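For the record, the sequence lines run as chains D and E. Going left to right, the first sequence walks through residues 1 to 519 as the numbering used here numbers them. Going left to right, the second sequence walks through residues 1 to 364 as the numbering used here numbers them.
Derived by calculation from the structure, the hints in this document are not laboratory data. It cannot be assumed that every hint is accurate.
As the list claims (entries may be wrong) - As a list, the in silico EDC-like pairs of lysine to aspartate or glutamate whose alpha-carbon atoms are at most 16 Å apart:
id : chain 1 : residue 1 : chain 2 : residue 2
1  : E       : Lys241    : D       : Asp344
2  : D       : Lys356    : E       : Glu236
3  : D       : Lys217    : D       : Glu247
4  : D       : Lys82     : D       : Asp22
5  : D       : Lys281    : D       : Glu152
6  : D       : Lys214    : D       : Glu435
7  : D       : Lys214    : D       : Glu238
8  : D       : Lys214    : D       : Asp259
9  : D       : Lys330    : D       : Asp386
10 : D       : Lys214    : D       : Glu243
11 : E       : Lys349    : D       : Asp85
12 : D       : Lys287    : D       : Glu148
13 : D       : Lys82     : D       : Glu70
14 : D       : Lys214    : D       : Glu242
15 : E       : Lys232    : D       : Asp22
16 : D       : Lys214    : D       : Glu474
17 : D       : Lys340    : E       : Asp171
18 : D       : Lys340    : E       : Asp233
19 : D       : Lys287    : D       : Glu321
20 : D       : Lys217    : D       : Glu238
21 : D       : Lys340    : D       : Glu435
22 : E       : Lys218    : D       : Asp386
23 : D       : Lys456    : D       : Asp480
24 : D       : Lys464    : D       : Glu321
25 : D       : Lys356    : E       : Asp233
26 : D       : Lys129    : D       : Glu148
27 : E       : Lys232    : D       : Asp353
In this text the structure is predicted, and so the values were computed from the model without any measurement.
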Amino acid sequence: MPSRQVGPCYNNPVPYIIEMLDIVKNFPGVRANDNITLRVEQGSIHALLGENGAGKSTLMSILFGLYQPESGSIRVRGREVKITDPNAANALGIGMVHQHFKLVHNFTVTENIILGLEPRSGLAIDRKKAAARVRELSELYGLNVDSEAKIEDISVGMQQRVEILKMLYRDAEILIFDEPTAVLTPQEIHELMQIMRRLVGEGKTVLLITHKLKEIKEVARTCTILRRGRLVATVSVESASEESMAEMMVGREVDFHVDKAPAMPGDVALSIRHLNVRNAKGLLGVKDLSLELRAGEILGLCGIDGNGQTELVRAITGLAEIESGSILLKGRELAGMSVKGRLDLGLGHIPEDRHKHGLVLDFRLDENLVVHSYGRRPFSRRGVLDSGAVRANAERLIAEFDVRCGEGGATPTRAMSGGNQQKAIVAREIDRSPEAFVIAQPTRGLDVGAIEYIHKRIIGERDKGKAILLVSLELDEILDISDRIAVIYNGEIVGAVQASETNEYELGLMMSGSKRQAA
Amino acid sequence: MAKKGSALVIPLVSITLGFALGAVVLLATGRNPAAMFLALFQGFSGVNVSAGSFNPRYIGEFIIQSMPIILTGLSVGFAFRVGLFNIGAEGQFLAGSMGAIAAALWVKAPPGIHVVLVLLAAMAAGGLWGAIPGYLKARFNVHEVVMTIMMNYVALNLNNLLIVDVFGSADRIKTAMFPASALLRDPALSALTNGSRLNWGFVPVLLAVVAFWFVIDKTAFGYSLRAVGFNKDAAEYAGMKVNRNIVLSMIIAGAFAGLAGAVLTVGTFNYGRALPAMEGYGMDGIAVALVGGNAAIGIFLSGLLFGMLKAAQPLMQSQGIPKDIASIIQASIVLFVAMKHGIDFLIRKIGARKRAEEVSEALI
Numbered sequence: 001m002p003s004r005q006v007g008p009c010y011n012n013p014v015p016y017i018i019e020m021l022d023i024v025k026n027f028p029g030v031r032a033n034d035n036i037t038l039r040v041e042q043g044s045i046h047a048l049l050g051e052n053g054a055g056k057s058t059l060m061s062i063l064f065g066l067y068q069p070e071s072g073s074i075r076v077r078g079r080e081v082k083i084t085d086p087n088a089a090n091a092l093g094i095g096m097v098h099q100h101f102k103l104v105h106n107f108t109v110t111e112n113i114i115l116g117l118e119p120r121s122g123l124a125i126d127r128k129k130a131a132a133r134v135r136e137l138s139e140l141y142g143l144n145v146d147s148e149a150k151i152e153d154i155s156v157g158m159q160q161r162v163e164i165l166k167m168l169y170r171d172a173e174i175l176i177f178d179e180p181t182a183v184l185t186p187q188e189i190h191e192l193m194q195i196m197r198r199l200v201g202e203g204k205t206v207l208l209i210t211h212k213l214k215e216i217k218e219v220a221r222t223c224t225i226l227r228r229g230r231l232v233a234t235v236s237v238e239s240a241s242e243e244s245m246a247e248m249m250v251g252r253e254v255d256f257h258v259d260k261a262p263a264m265p266g267d268v269a270l271s272i273r274h275l276n277v278r279n280a281k282g283l284l285g286v287k288d289l290s291l292e293l294r295a296g297e298i299l300g301l302c303g304i305d306g307n308g309q310t311e312l313v314r315a316i317t318g319l320a321e322i323e324s325g326s327i328l329l330k331g332r333e334l335a336g337m338s339v340k341g342r343l344d345l346g347l348g349h350i351p352e353d354r355h356k357h358g359l360v361l362d363f364r365l366d367e368n369l370v371v372h373s374y375g376r377r378p379f380s381r382r383g384v385l386d387s388g389a390v391r392a393n394a395e396r397l398i399a400e401f402d403v404r405c406g407e408g409g410a411t412p413t414r415a416m417s418g419g420n421q422q423k424a425i426v427a428r429e430i431d432r433s434p435e436a437f438v439i440a441q442p443t444r445g446l447d448v449g450a451i452e453y454i455h456k457r458i459i460g461e462r463d464k465g466k467a468i469l470l471v472s473l474e475l476d477e478i479l480d481i482s483d484r485i486a487v488i489y490n491g492e493i494v495g496a497v498q499a500s501e502t503n504e505y506e507l508g509l510m511m512s513g514s515k516r517q518a519a
Numbered sequence: 001m002a003k004k005g006s007a008l009v010i011p012l013v014s015i016t017l018g019f020a021l022g023a024v025v026l027l028a029t030g031r032n033p034a035a036m037f038l039a040l041f042q043g044f045s046g047v048n049v050s051a052g053s054f055n056p057r058y059i060g061e062f063i064i065q066s067m068p069i070i071l072t073g074l075s076v077g078f079a080f081r082v083g084l085f086n087i088g089a090e091g092q093f094l095a096g097s098m099g100a101i102a103a104a105l106w107v108k109a110p111p112g113i114h115v116v117l118v119l120l121a122a123m124a125a126g127g128l129w130g131a132i133p134g135y136l137k138a139r140f141n142v143h144e145v146v147m148t149i150m151m152n153y154v155a156l157n158l159n160n161l162l163i164v165d166v167f168g169s170a171d172r173i174k175t176a177m178f179p180a181s182a183l184l185r186d187p188a189l190s191a192l193t194n195g196s197r198l199n200w201g202f203v204p205v206l207l208a209v210v211a212f213w214f215v216i217d218k219t220a221f222g223y224s225l226r227a228v229g230f231n232k233d234a235a236e237y238a239g240m241k242v243n244r245n246i247v248l249s250m251i252i253a254g255a256f257a258g259l260a261g262a263v264l265t266v267g268t269f270n271y272g273r274a275l276p277a278m279e280g281y282g283m284d285g286i287a288v289a290l291v292g293g294n295a296a297i298g299i300f301l302s303g304l305l306f307g308m309l310k311a312a313q314p315l316m317q318s319q320g321i322p323k324d325i326a327s328i329i330q331a332s333i334v335l336f337v338a339m340k341h342g343i344d345f346l347i348r349k350i351g352a353r354k355r356a357e358e359v360s361e362a363l364i
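Using the sequences and the hints, build the whole thing.
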């Protein structure tokens, strides 16, 4: 079929490396991209900002060849192209670091990078040559990756660098990062920013999908803002303030400051004494840990990822057995109690891994919103489900928590964006209104509007007299909404302070184990 | 996420391709595919198009062939919905058969009640046979595939041992005849279909199909089973009893297969049989469940389809068509269903080309 020029003609003297013109993409019930035009200058960091479901990932998936647009055209280096699949994108020098890495866990770094493009000597893989090339690239861009380490042995931040190296190994010129900082610690985020600058310094172009304004302000030159599938504006980051970008993204003024009244702590709701829990490797992940959580307060637990937070949360919620110690909820011993028993006693849990624990991705959204309560009235009577009640519950929560989904309660959960999946979990759990609420990473991967809302709801629960344990890797989040902060390091609580009397610096020292402070 | 329609499209395309492949094989070996299709048609409708005659016996035999594999299909499908691959429908089928033989020979009860007791005994025996791998999976994480395959052999040899040494057999091949009260047979049904082996077995089969649908799709218990099947971790997080569900689902799966054993033993036959080898009802169940998309109505329909292929085999042979063609068709349908991603891809490609043509036409 001969290609035909449809729509207006564009003639640009500016050296844009990528031009996506008047892109339209529909999904069942949603127009994900509505006439979006994006122009990216060569050698720049271009941010794509928008709330969950604004159409950022869709637009980038079109550029990467995962979706075909209904209409619109794409030009790369001034030439009109059809990107039919990711291989075509690779051939054009476009590479993508996905939010969920695509790595083989028991392969080494080098093996993962060369996968599919192995240098050969005869029939065998030329490992030396491969490793040398990986090292060379790693040094050039300051990635500092051990080329012989196995993926399962390296940190998430390192894994991300392997993904970056994979693109560089394939001579990608245009690198798309899909929410790259969602899984990183503050330290790793900082290093990633350095790496991006280095990439651009070497002539690469970076497209950064994010909803974190701080990061955009720090590294990006240009920022394109999308809202509900439409282009709002493309601005120069230098001249735009965080507030103005947030406003454009959300469509209203955003309150960065979290308003809350001082806590009025009541009785001890959850008491943990001398708790020891083994981790997946069989070592003690939580060591002789004691904590008290009072009704009407938010206790923030901060620490660098992998210091025992996961084990602690699993022990409290019943997903892991404890080695010794005790966990008392309203005076009742939780150790040995079933998960259901704990939930019925008034425990709530927003899990850190929304795909593994939080949702049954193959369920519809309305089914996912009753995972705890499906067996009770009004959702079932005498063991028979009432699908009308299940649907009505979904409609109510979707409206109240602004969960965006194409087909209401019937939306396949897997088809929803990550942020809206998280909103669905938060909606379900807050709706249960538990007495003691363990909340892990509640806003990971969410946009400012959603974060603001979820924080308000968490504080609202506190004001109702609920006890909240907030486990988060985001220091800002901990500082913003906690009343008290406990720092976990190497499975132990190394400090407990009032949120109003501490700062990022002090917490950072405790998180790295160089300072201890008792409450 | 696939759209709703594709749950139906893939099996239909696969079935069409399967028959087409069978026709191609016939053409390649110099035979007329039309004869095969006529034989298949006669196999389930009883209508002989070329002779212009109708014999309802074929309909009866077609139903007889379909009944046990619908039940073993339900067995495999039910376990699959809970994330378990039940290769053991064969063994559970045999266990059910043993239970049916025991109840038929040893229990004395009035007609009507006796046969119900026979069916219940078969379901209990099949359920027990399923419970063992289910419990080992839940308690010790023993893989159900390995376990159920082994249990199949145990069931086969136990069956032969019981027939000879416990139930008693004069010729070491079959037991004594069952009393009429234990049988699903009914001369009226047989007469209705010109002397076929048709019996009341279709009643428990239909009840089982409805029960499968109701439990899986309509009950809170079924909801928790599906949750476990899709995502064990999330089910555990939500406080569901994952291990209990695994054991229960294997018991229910076993009961379906056990019922199939009874339908065959006190329906198609009226004595217990020692078997030289497995008969493949459980294995057919895997194919039926796969093509039926592990849903009640799908399993029912695909069971009928494979029942038709089985029933038409003798007819095909009489037409000079090797009966193995039926096996080729059955196997290739399963193969095409297993290649669903490839088929999905093809359908979308064709669809995309059509759309592109429409767009270019609209532009002209």
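Here is how each hint holds up against the structure:
About 14 Å separates the Cα atoms of Lys241 (chain E) and Asp344 (chain D), which keeps this hinted pair within 16 Å; it holds. A C-alpha spacing of about 10 Å is found between Lys356 (chain D) and Glu236 (chain E), which places the hinted pair at or below 16 Å, so the restraint holds. Simply put, Lys217 (chain D) and Glu247 (chain D) have alpha-carbon atoms about 15 Å apart, close enough for the 16 Å limit, and the pair holds. For the suggested pair Lys82 (chain D) and Asp22 (chain D), the alpha carbons sit about 14 Å apart, so the restraint of at most 16 Å is met.
Restraint check: the Cα-Cα separation between Lys281 (chain D) and Glu152 (chain D) comes to about 13 Å, which is no more than 16 Å; the hinted pair holds. For the suggested pair Lys214 (chain D) and Glu435 (chain D), the alpha carbons sit about 35 Å apart, so the restraint of at most 16 Å is broken. For the proposed pair Lys214 (chain D) and Glu238 (chain D), the alpha carbon gap of about 12 Å is at most 16 Å, so the pair holds. With a C-alpha separation of about 20 Å, the suggested pairing of Lys214 (chain D) with Asp259 (chain D) is violated against the 16 Å cut-off.
Taking the CA atoms of Lys330 (chain D) and Asp386 (chain D), the gap is about 33 Å. The hint is violated against a cut of 16 Å. Taking the CA atoms of Lys214 (chain D) and Glu243 (chain D), the gap is about 11 Å. The hint holds against a cut of 16 Å. A hinted pair counts as satisfied when its Cα atoms are at most 16 Å apart, and Lys349 (chain E) with Asp85 (chain D) qualifies at roughly 13 Å. A distance of roughly 32 Å separates the Cα atoms of Lys287 (chain D) and Glu148 (chain D); the hinted pair therefore is violated under the 16 Å criterion.
For the proposed pair Lys82 (chain D) and Glu70 (chain D), the alpha carbon gap of about 12 Å is at most 16 Å, so the pair holds. Only pairs whose Cα atoms come within 16 Å are accepted, and Lys214 (chain D) paired with Glu242 (chain D) is accepted, the gap being roughly 7 Å. With a C-alpha separation of about 43 Å, the suggested pairing of Lys232 (chain E) with Asp22 (chain D) is violated against the 16 Å cut-off. Between Lys214 (chain D) and Glu474 (chain D) the CA atoms are separated by roughly 13 Å; this keeps the pair inside 16 Å, and the hint holds.
For the suggested pair Lys340 (chain D) and Asp171 (chain E), the alpha carbons sit about 57 Å apart, so the restraint of at most 16 Å is broken. This hinted pair checks out: Lys340 (chain D) and Asp233 (chain E) have alpha carbons roughly 14 Å apart, not beyond 16 Å. At most 16 Å may separate the alpha-carbon atoms for a hinted pair to count; Lys287 (chain D) and Glu321 (chain D) meet this at roughly 14 Å. Simply put, Lys217 (chain D) and Glu238 (chain D) have alpha-carbon atoms about 8 Å apart, close enough for the 16 Å limit, and the pair holds.
With a CA separation close to 15 Å, the supplied pair Lys340 (chain D) and Glu435 (chain D) stays within the 16 Å bound. About 8 Å separates the Cα atoms of Lys218 (chain E) and Asp386 (chain D), which keeps this hinted pair within 16 Å; it holds. Of the pairs offered as hints, the one joining Lys456 (chain D) and Asp480 (chain D) holds, with about 11 Å between alpha carbons and a cut-off of 16 Å not exceeded. Between the alpha carbons of Lys464 (chain D) and Glu321 (chain D) the distance comes to roughly 31 Å, so the proposed pair goes past 16 Å and is violated.
At most 16 Å may separate the alpha-carbon atoms for a hinted pair to count; Lys356 (chain D) and Asp233 (chain E) meet this at roughly 6 Å. A threshold of 16 Å between alpha carbons decides the hint, and for Lys129 (chain D) with Glu148 (chain D) the separation of about 13 Å falls inside it, so the pair holds. The hinted pair formed by Lys232 (chain E) and Asp353 (chain D) meets the criterion: a straight-line CA distance of about 14 Å does not exceed 16 Å.
Hints 6, 8, 9, 12, 15, 17 and 24, counting from the list given before, are not met by this structure.
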